[in-house]
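Quick note, the sequences are listed as chains R and E, same order. Note that our numbering numbers the first sequence so that position 97 is 138, with each residue one more than the last. Note that our numbering numbers the second sequence so that position 106 is 113, with each residue one more than the last.
In short, the hints are calculated from the structure, not lab data. Treat the hints with care, as some may be off.
Claimed, not checked - Under the rule of at most 30 Å between Cα atoms (straight-line distance), these lysine-lysine pairs were calculated in the DSSO-like manner: (1) R:Lys44 x R:Lys100; (2) R:Lys104 x E:Lys20; (3) R:Lys98 x E:Lys20; (4) R:Lys139 x R:Lys112; (5) R:Lys100 x R:Lys139; (6) E:Lys8 x R:Lys44; (7) R:Lys112 x R:Lys98; (8) R:Lys44 x R:Lys112; (9) E:Lys8 x R:Lys100; (10) E:Lys64 x E:Lys20; (11) R:Lys112 x E:Lys64; (12) R:Lys96 x E:Lys8; (13) R:Lys112 x E:Lys8; (14) R:Lys58 x R:Lys104; (15) E:Lys8 x E:Lys64.
Unchecked claim - Restraint ranges, calculated between C-beta atoms of paired labels, are given here: (16) R:Glu93 x E:Gly65: 33 to 41 Å; (17) E:Tyr17 x R:Thr61: 31 to 39 Å; (18) E:Thr87 x R:Asn65: 42 to 50 Å; (19) E:Ile19 x R:Arg83: 18 to 26 Å; (20) R:Lys100 x E:Gly10: 40 to 48 Å; (21) E:Gly10 x R:Arg99: 40 to 48 Å; (22) E:Thr14 x R:Glu97: 35 to 43 Å; (23) E:Arg70 x R:Glu56: 16 to 24 Å; (24) E:Gln24 x R:Leu103: 25 to 33 Å.
Note that beta-carbon positions come from the ideal geometry of N, C-alpha and C, so glycine has one too.
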Amino acid sequence: SQKIEQNSEALNIQEGKTATLTCNYTNYSPAYLQWYRQDPGRGPVFLLLIRENEKEKRKERLKVTFDTTLKQSLFHITASQPADSATYLCALGYNTDKLIFGTGTRLQVFP
Amino acid sequence: KAGVTQTPRYLIKTRGQQVTLSCSPISGHRSVSWYQQTPGQGLQFLFEYFSETQRNKGNFPGRFSGRQFSNSRSEMNVSTLELGDSALYLCASSLGTGLSYNEQFFGPGTRLTVL
């Protein structure tokens with residue numbers, strides 16, 4: 042079965058630096074890859090979607106890369122702020138109807 | 008536009024009881040999905056409904072069931088509750104079907120505790 046790996050340990054970085062979160066998967070490459078942000082006590086919020094034929098996608102301070110050879114997606118937040126502190130989830134989309142979520146990585150940005 | 012709403016927000020039940028959770032999607036959204044979130048397993052897909060039909064089902068026992076009404080509102084039912092059912096139950100809606108490529112809009116969740 043498909044396995045998704047996101048760093049279970051929290052990522053701590055200083056304000057202003059670039060945060061890089063990793064999403065690795067085994068077996069089959071997804072057609073789509075989505076990234077979500079989740080704050081404590083709230084539901085996930087969609088951030089970005091990247092397709093398998095796209096290498097990179099950007100939105101404001103966010104950047105996602107997708108490498109089907111390495112079976113990896115990287116999620117970058119540039120000029121990070123304390124307000125970016127949250128758990129970030131990657132989700133792999135297969136065919137049309139299958140979306141599998143990773144367990145998420147907690148990001149802590151300190152001043 | 009109002010977001011996805013879920014009721015109740017918190018629920019405490021005892022083993023063996025049953026529970027019904029409710030979800031109202033964003034106006035105009037016809038796809039509603041349900042997920043179970045626990046610290047160890049993360050977000051696990053339960054099922055998806057579109058136009059009152061179940062289109063997808065995850066690997067959960069038959070004690071977990073759902074339905075969708077003509078106004079796209081959805082309910083999820085868990086019968087014969089077990090301790091392991093304690094979790095955050097999240098509902099998500101999207102404009103069209105196609106979980107893999109459609110942005111999912113999540114509600115705040117219902118925190119279920121089974122004693």
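Fill in: Which numbered hints fail
2, 3, 6, 12, 13, 16, 18, 20, 21, 23, 24
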